[in-house]
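K.L.:
Input sequences plus hints: build the corresponding full structure.
2 protein chains.
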Amino acid sequence: MDYILGVDGGGTTCRAAIATADGRLLGRGTAGPANIYSDPAQSVKSISFAANEACKDAGLTEEALQQTVAVLGLAGANAHHDPEGLAQTLPFASAQIVTDTVIALEGAHGAGDGVIGIVGTGSNFMARKGGQHYYLGGWGFHCGDQGSGAKMGERALEEALLAHDGLRRLCPLTEHILRQFDDDPRKLSEFARSAKPKDFAEFMPIILIYAQQQSSLALDIVEEGTTYVASALRLLSDDGKLPIALLGGLSQAYDAFLPPDLKQFIVPAKSDALHGALAMAERQNASNP
Amino acid sequence: MDYILGVDGGGTTCRAAIATADGRLLGRGTAGPANIYSDPAQSVKSISFAANEACKDAGLTEEALQQTVAVLGLAGANAHHDPEGLAQTLPFASAQIVTDTVIALEGAHGAGDGVIGIVGTGSNFMARKGGQHYYLGGWGFHCGDQGSGAKMGERALEEALLAHDGLRRLCPLTEHILRQFDDDPRKLSEFARSAKPKDFAEFMPIILIYAQQQSSLALDIVEEGTTYVASALRLLSDDGKLPIALLGGLSQAYDAFLPPDLKQFIVPAKSDALHGALAMAERQNASNP
Chain A
1 MDYILGVDGG GTTCRAAIAT ADGRLLGRGT AGPANIYSDP AQSVKSISFA
51 ANEACKDAGL TEEALQQTVA VLGLAGANAH HDPEGLAQTL PFASAQIVTD
101 TVIALEGAHG AGDGVIGIVG TGSNFMARKG GQHYYLGGWG FHCGDQGSGA
151 KMGERALEEA LLAHDGLRRL CPLTEHILRQ FDDDPRKLSE FARSAKPKDF
201 AEFMPIILIY AQQQSSLALD IVEEGTTYVA SALRLLSDDG KLPIALLGGL
251 SQAYDAFLPP DLKQFIVPAK SDALHGALAM AERQNASNP
Chain B
1 MDYILGVDGG GTTCRAAIAT ADGRLLGRGT AGPANIYSDP AQSVKSISFA
51 ANEACKDAGL TEEALQQTVA VLGLAGANAH HDPEGLAQTL PFASAQIVTD
101 TVIALEGAHG AGDGVIGIVG TGSNFMARKG GQHYYLGGWG FHCGDQGSGA
151 KMGERALEEA LLAHDGLRRL CPLTEHILRQ FDDDPRKLSE FARSAKPKDF
201 AEFMPIILIY AQQQSSLALD IVEEGTTYVA SALRLLSDDG KLPIALLGGL
251 SQAYDAFLPP DLKQFIVPAK SDALHGALAM AERQNASNP
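Protein chains in written order, with our numbering: chain A, 1 to 289; chain B, 1 to 289.
If you are wondering where the hints come from, they were derived from the structure by calculation, not from laboratory data. Check the hints yourself; a few may be wrong.
One copy or two, either will do: identical chains are not told apart, so a pair holds if it fits within one copy or between any two.
Straight-line distance between alpha carbons at most 30 Å, and here's what the computed BS3-like set of lysine-lysine pairs gives [unchecked claim]:
hint	residue 1	residue 2
1	LYS129	LYS187
2	LYS45	LYS187
3	LYS198	LYS45
4	LYS198	LYS187
5	LYS241	LYS196
6	LYS270	LYS187
7	LYS198	LYS241
8	LYS241	LYS270
9	LYS263	LYS56
10	LYS56	LYS196
11	LYS241	LYS129
12	LYS263	LYS45
13	LYS263	LYS241
Since we're looking at a predicted model, the values are computed, not measured.
P.N.:
This is the structure we're talking about:
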């Protein structure tokens with residue numbers, strides 16, 4: 001095929017990039033949500049829109065898409081019942097749907113083996129060993145996502161209520177949080193009742209600030225998260241036998257918190273998930289001439 | 001007034017009882033949900049329906065309600081912005097709205113001082129000391145309700161996913177839970193995504209069974225809950241200076257788990273919340289002749 005296309009489709013944004021068969025970038029496009037599990041119809045719409053925008057940006061007509069090999073990394077692809085069926089409804093010569101984690105790993109480590117930890121609002125982990133993929137975590141806010149901003153934020157709010165009730169000593173972090181709710185625990189409880197994971201995660205910056213000031217509760221919360229993230233990375237990397245890349249909004253924070261024996265195996269990501277998808281599309285196009 | 005009426009209005013059921021001014025029970029009625037915070041209109045409907053049913057059961061016409069002093073213990077009364085205003089829309093000669101916790105305490109301890117712990121799907125605590133009310137906990141599933149069936153159930157599911165991921169050893173409890181989801185963690189995660197507190201609480205019976213068999217994770221979960229419940233009860237009772245009654249679906253379980261020094265202060269509830277509401281109405285009627 002003449003062109004390759006990569007798509008990085010997340011829960012809020014879908015990004016697409018089109019390139020020549022040998023990987024020269026021609027154009028980019030963006031669109032709205034593309035989680036294929038939570039809203040497949042919207043996902044298809046966003047993918048098509050972002051791909052058309054990329055064509056326009058490249059000075060190509062939409063017909064170019066029929067000459068395009070696409071790799072799409074989509075949030076929710078692991079939970080969707082028929083990604084292959086959905087791929088066939090897309091306007092590309094061929095399309096492969098994988099999870100957004102797979103293209104993130106490809107972006108971070110290239111075609112080789114390695115481990116990624118994506119730690120932001122949620123948390124999840126993946127390894128490629130001898131070409132095989134291994135997933136860990138990513139089970140969602142309720143019974144998973146340990147070490148994520150959402151979980152650590154929720155824990156901080158819980159501690160603030162315990163302190164209000166007199167079951168813990170008040171500390172700078174819990175005082176700060178209670179003040180944000182006008183020292184009215186009912187307002188905090190009301191907030192928590194309808195809060196989404198990203199709302200809990202918004203308390204992460206102040207947790208990190210108090211942790212830096214050696215405030216003991218903040219350190220305790222961060223340590224709990226670090227213990228989980230470290231165990232996950234150790235298990236997937238066979239104790240550091242594979243390179244590890246940390247991605248997501250909390251990657252820098254964890255870079256500082258992880259124990260030194262693990263930190264030595266951490267490498268910077270080679271590139272981002274969208275480039276990972278493009279690289280996979282290029283490989284796929286080359287292997288099917 | 002000629003009659004007194006008590007109402008116990010919870011999130012799923014509303015119960016009413018009408019009696020003579022000196023407390024002789026005449027009739028009972030039940031209706032649907034009566035949480036005045038989450039749905040005030042439905043609450044008023046349920047209260048009126050249950051009160052009318054109680055009249056019918058007593059062989060009275062609805063006009064009797066105009067000769068009735070009512071005390072209504074309603075879930076959500078602490079969060080509603082204007083319980084007095086709402087009370088005036090009800091068909092009674094006079095109506096006092098309190099939380100369902102207040103009538104539960106009245107039922108359990110009579111007019112005297114005491115502490116109650118309500119531990120079931122959620123958890124919350126209350127004390128009456130020298131006629132003053134003190135609340136503790138009850139902040140809801142997300143950042144509160146420690147020691148409740150919902151929280152302990154959620155923790156068990158979390159541990160099952162950690163065991164599936166290889167971050168914990170599998171144990172009889174986590175094996176049991178994973179089997180319930182056909183050993184497919186995606187099914188568990190999917191369940192957790194939409195589960196309500198009562199759905200998590202449904203795992204409590206098997207946690208208790210494995211705890212009885214001395215299975216270490218189950219014991220650990222129960223111990224964590226017990227630590228919280230014990231601290232709450234100690235704090236509110238001034239280390240046992242007030243009698244403590246345990247109510248709710250997990251009260252028997254906690255009766256067994258609580259440490260002996262606390263257990264000695266636990267007394268059986270004198271009667272239930274509906275009788276508590278009736279007793280309060282009788283007292284109120286007697287004090288306003």
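K.L.:
Hint by hint, which ones does the structure fall short of?
P.N.:
5, 6, 7, 9, 10, 12
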